[in-house]
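Please model the entire structure based on the sequences and the hints provided.
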Amino acid sequence: DAGVIQSPRHEVTEMGQEVTLRCKPISGHNSLFWYRQTMMRGLELLIYFNNNVPIDDSGMPEDRFSAKMPNASFSTLKIQPSEPRDSAVYFCASSARLAGARTDTQYFGPGTRLTVL
Amino acid sequence: DAKTTQPTSMDCAEGRAANLPCNHSTISGNEYVYWYRQIHSQGPQYIIHGLKNNETNEMASLIITEDRKSSTLILPHATLRDTAVYYCIVRRSGANSKLTFGKGITLSVRP
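Chains F and U, in that order, give the protein sequences.
Note that this note's numbering numbers the first sequence so that position 24 is 24, with each residue one more than the last.
Note that this note's numbering numbers the second sequence so that position 64 is 64, with each residue one more than the last.
It is possible that part of the hints are untrue.
Stated by the list, open to error - Simulated restraints, written as ranges between beta carbons of each label pair:
#1 U:G94 to F:D57: 12 to 22 Å
#2 U:M10 to F:S73: 33 to 43 Å
#3 U:K69 to F:I55: 29 to 39 Å
#4 F:G16 to U:G15: 46 to 56 Å
#5 U:N54 to F:P84: 20 to 30 Å
#6 F:S87 to U:T106: 16 to 26 Å
#7 F:Q17 to U:S25: 38 to 48 Å
#8 F:L98 to U:K52: 12 to 22 Å
#9 F:N71 to U:K98: 20 to 30 Å
What the hints assert, rightly or not - Here are the simulated DMTMM-like pairs of lysine to aspartate or glutamate, each with C-alpha atoms no more than 25 Å apart in a straight line:
#10 U:K98 to F:D56
#11 F:K78 to F:E11
#12 U:K52 to F:D104
#13 U:K52 to U:E31
#14 F:K24 to F:E11
#15 U:K3 to F:D57
#16 U:K3 to F:E44
#17 U:K3 to F:E83
#18 U:K3 to U:E55
#19 U:K98 to F:E44
#20 F:K24 to F:E62
#21 F:K24 to F:E44
#22 U:K98 to F:D63
#23 U:K98 to F:E62
#24 F:K78 to F:D56
#25 U:K103 to F:D57
#26 U:K3 to U:E66
#27 U:K69 to U:E31
#28 F:K68 to F:E83
#29 U:K103 to U:D11
#30 U:K69 to U:E55
#31 U:K52 to U:E14
#32 U:K98 to F:E18
#33 U:K69 to U:D11
#34 U:K69 to F:D104
#35 U:K3 to F:D56
#36 U:K98 to U:D67
#37 F:K68 to F:D56
#38 U:K103 to F:D104
#39 U:K98 to F:E14
#40 U:K98 to U:D11
In case anyone wonders, no lab produced these hints; they're calculated from the structure.
Beta carbons: idealized from backbone N, C-alpha and C, even for Gly.
In C-alpha cells, the structure reads:
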C-alpha cells in the first residue's frame, strides 16, 4: 500500500501568491483530513471530509483557505492569497470507517512544508 | 473530548523498555485512548489504541488502568529510531469524532 501521498513536499512562494497543496488518500478510505503544524500552535485540524463531503471546516483559519475533494482519490487545499503567517507543515490524513465499527484510525501523509516569503 | 496530561520529556537506554505515561482523569465511557508518534520531519504515525482492555501489537503495548483515568504506552525494546514525540489522545467513538493533538512527550533513546 502506497500510503497517503502529498505533493509537493516542499513549496516556497512569495506573499500574495496562490498555493495549492494536493493529497491522495489511501485507496478505499472514505474520510480525509487536513492538518496544519506550527511550532506555536502544534498540530491543528483544519477540515475533514467524509465520502467527499466537507463535514467540519471550523478549523479553517479564514476565507483565504479553501479545500475541495472532487472524488474519493484526490483533495486539494488552496491558500489565496498566501501570507507569511501561513508558513507551516500541512498534513493530509485518511481513514476508513468500517461498517459497524465504533472508531477508525487515521493514517498521515509525509506533509508539505510551505514557506511564504 | 477529554484532555490528557503527559510529561514533557523522558529518555531511556537503547534495548530497554520505554514506559510512557498519560493521565486522562476526565475520560468518559465512550472515549478511546489513542497513541501516535511523530519522528522528526515526518507525519504522525499511528501506534495503538484501546478502550478499556490492554492492547498489544507489533509496535507497542497499551496498558489502561481499571478506572481508565490513566494509561501507559510500552515500547518493549526501544531503539534509536524510536526517538520521537509521542502523543496520547482521548477520542470519543462514533462518526465525525476528531483527533486533538496536545504537546506530547519527547522520548529520547540513548545509545
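Next on the checklist: Hint by hint, where does the structure go against what was stated? Just the numbers, ascending.
Outcome noted: Numbers 5, 17, 31, 32, 39, 40 - these are the hints that the structure violates, sorted from lowest upward.
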